[in-house]
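Below are the chains, spelled out letter by letter.
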Amino acid sequence: MKNVLVLSGTASAINYIKSFANDPDIRLHITDADPYCPGLYAPGVTPHVVPRARDTMRYRASLDRLLVEHAIDVLIPTSDYDIEGVVHYLKDGWVPNVAMFRPPFNAFAVLGNKGRLMAYLAQRLPSVVPQTWIGVERVRQLAFPVVIKPAGESGGKDVTIVRYHDDFAAAVERIRALYGDEFLVQQFIPGNTYIVSMIYDHDGRLVIGVPMRSHLTFFTWGGGGCAGEVVDEPGLVRLCAEVAEAAGGWSGPINFEWRKHAETGAFYLMEANCRLNGYSYLTTMNGVCLPHIVLALLTGAPLPAVAPPARRNRNFVLGFRETPVDRWVDHAERIVA
Amino acid sequence: MTTILALGAEKQAATSLAAAYPDCTVIFVSDRDILDGSDLINVRMVHARPADAAKLAASADHVVPLCARWLPGNYALSTVFDRLERALPGLCLPIRMHPPSSGQWIVKGDRWSRPDAPLSGDARQLADVTDPHGCGLVFQVYSETTATIMSVGRREHVGGVHIGILKIFQERFFRDAILQAGETIDAPELLHASIDILDALDHRGYFTLNWVQTDEGLRLSSFRPIPRAVFQSFLRGGVDILGSVSAVKIVAAGMRLIASPTYVSFERLST
Chain X
1 MKNVLVLSGT ASAINYIKSF ANDPDIRLHI TDADPYCPGL YAPGVTPHVV PRARDTMRYR
61 ASLDRLLVEH AIDVLIPTSD YDIEGVVHYL KDGWVPNVAM FRPPFNAFAV LGNKGRLMAY
121 LAQRLPSVVP QTWIGVERVR QLAFPVVIKP AGESGGKDVT IVRYHDDFAA AVERIRALYG
181 DEFLVQQFIP GNTYIVSMIY DHDGRLVIGV PMRSHLTFFT WGGGGCAGEV VDEPGLVRLC
241 AEVAEAAGGW SGPINFEWRK HAETGAFYLM EANCRLNGYS YLTTMNGVCL PHIVLALLTG
301 APLPAVAPPA RRNRNFVLGF RETPVDRWVD HAERIVA
Chain R
338 MTTILALGAE KQAATSLAAA YPDCTVIFVS DRDILDGSDL INVRMVHARP ADAAKLAASA
398 DHVVPLCARW LPGNYALSTV FDRLERALPG LCLPIRMHPP SSGQWIVKGD RWSRPDAPLS
458 GDARQLADVT DPHGCGLVFQ VYSETTATIM SVGRREHVGG VHIGILKIFQ ERFFRDAILQ
518 AGETIDAPEL LHASIDILDA LDHRGYFTLN WVQTDEGLRL SSFRPIPRAV FQSFLRGGVD
578 ILGSVSAVKI VAAGMRLIAS PTYVSFERLS T
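Protein chains in written order, with the working numbering: chain X, 1 to 337; chain R, 338 to 608.
Since the hints were derived computationally from the structure, they do not count as laboratory data. Since the model is a prediction, treat every value here as computed from it, not as a measurement. Some clues are possibly wrong.
Said to hold, decoys possible - Part of the chain X face toward chain R, derived, beta carbon under 8 Å:
| no. | residue |
| --- | --- |
| 1 | Arg311 |
| 2 | Asn315 |
| 3 | Phe316 |
| 4 | Val317 |
Cβ atoms here follow ideal geometry from the backbone N, Cα and C, with glycine treated the same way.
I would like the entire structure built from these sequences, with the hints used as guidance.
Here it is as structure tokens:
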């Protein structure tokens with residue numbers, strides 16, 4: 001029996017939960033700062049409510065307690081905030097006695113921030129980078145529409161598409177009120193959104209990359225996908241590998257979000273997220289269980305078989321279904337360090 | 338077999354309805370071509386437009402509108418709140434057609450809920466907000482709140498209401514507003530205020546009243562003529578929202594619900 005601790009109970013964690021929760025060889029522990037997070041109520045999981053990951057000292061102390069008290073064997077962070085916290089702890093010398101990926105900090109510093117990633121790649125892979133402005137002083141040079149987005153968030157949070165110059169100032173005022181100067185302005189790329197979820201081993205070798213395409217987005221203007229399918233785009237996987245290599249290499253799960261230009265067919269990189277993508281359960285539905293590949297790499301077990309691309313033909317739509325629960329996660333399960 | 342017509346089935350409440358009434362045929366009607374629910378054996382899906390609603394409704398035992406877009410009456414927030422301000426002054430958070438130059442405001446859909454994440458700010462920060470969905474825009478005072486509570490149910494006449502009072506722990510806003518976590522509570526004061534509002538409007542049909550706790554007490558922030566994704570929980574709490582309404586029936590306190598992410602395959606509805 002392995003004790004597996006998955007940090008966060010939503011988005012990409014859902015893939016881990018659905019893949020591991022009924023495995024008799026796994027005792028699955030799920031954390032989240034939100035006591036009403038759905039993953040905490042999934043059948044077969046042991047829930048823990050922890051401080052917010054950006055409350056770094058308390059969060060780290062609560063992690064240390066959980067690792068010891070529950071004899072955790074494997075640690076898998078799955079949200080951007082969890083990964084940011086864990087990568088910084090590792091850089092500061094944290095050496096937990098668990099199996100986990102330890103990606104290079106410098107690569108995370110580039111990949112985990114949209115502004116830095118675009119600036120970095122503009123020198124190394126300029127063909128995949130949409131025109132990007134950090135700061136608004138050069139706004140007079142912009143060709144509208146443009147996208148205004150926070151540098152450190154994902155999933156379409158607080159993104160605005162600005163179609164006309166006259167609307168630009170209000171959108172900037174709004175994002176500045178939330179993020180200060182931590183935002184960027186980017187060329188709007190018309191077209192469909194693609195995601196490639198990838199897994200690298202401990203030595204930085206690519207194990208698998210699965211490309212997907214959205215049919216429906218969370219927001220009417222775009223954002224993350226809530227319906228889609230797996231696609232066969234080996235060229236896009238190679239492009240992702242080039243981006244990861246240019247950023248300094250990777251270890252563990254990562255995903256890259258792209259827009260395929262509706263007119264030219266060229267792929268433009270939107271962002272990287274140092275985890276599986278939010279709807280990566282689609283891959284499991286299609287016989288490619290990325291969580292089990294992650295677990296095998298962490299535990300030294302043989303890699304699971306995967307379905308060939310030609311058989312990955314199930315699409316998905318995400319629903320949020322009313323689910324009665326008997327009780328809320330109670331105080332005994334809330335870890336306050 | 339009883340047939341329930343769910344109008345605007347792209348909403349979260351559609352699968353809640355189908356799961357709560359497994360012995361009924363539930364027809365999901367939507368003008369969107371990708372819907373959740375294909376795995377539910379009592380669900381059929383039909384692509385249609387709001388203009389087709391009356392024709393489709395003629396052959397159903399129950400018609401449940403899940404989005405005000407599918408209803409013919411005037412349920413605009415601006416109209417309803419204007420009536421309520423005259424009938425029950427001070428109970429509603431004020432609505433404006435344009436944001437005044439001072440203060441913080443939140444943008445809302447007038448005739449139905451505006452999709453996507455809420456937008457708030459001062460008049461300058463909201464100057465670029467447009468209405469691509471045609472719901473109409475109104476602006477409401479944006480104030481710090483300590484709690485959100487919903488009254489959800491169906492009223493058919495004076496003294497005939499099926500209702501539950503739900504404390505909302507989390508709501509998420511995408512294309513649709515997702516009821517993420519909540520629990521029914523015993524709140525007599527809010528129950529009576531909700532019934533007063535429904536009586537003042539002489540509202541007939543489904544409803545969701547959104548209440549917020551402010552420094553000045555509970556205020557109504559929204560009224561929509563639709564239910565939310567609570568059907569199973571309300572049945573567990575002893576109230577069948579669809580059932581015959583002859584008295585005031587109240588959902589028992591302590592019914593807890595979350596929204597679970599669910600992945601199913603889909604076939605596009607033909608247009």
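Hint by hint, here is what the structure shows:
The beta carbon of arginine 311 of chain X comes no nearer than 14 Å to any beta carbon in chain R, farther than 8 Å, and the hint placing it at the interface is violated. A distance limit of 8 Å between C-beta atoms decides the matter here; for asparagine 315 of chain X the minimum to chain R is near 5 Å, and the interface restraint holds. For phenylalanine 316 of chain X, the suggested interface contact is upheld, since its CB lies about 5 Å from the closest CB of chain R, less than 8 Å. Here the hint on valine 317 of chain X is kept, as its CB sits about 4 Å from the closest CB of chain R, short of 8 Å.
Comparing the model with each earlier hint shows a violation of hint 1 alone; every other hint is respected.
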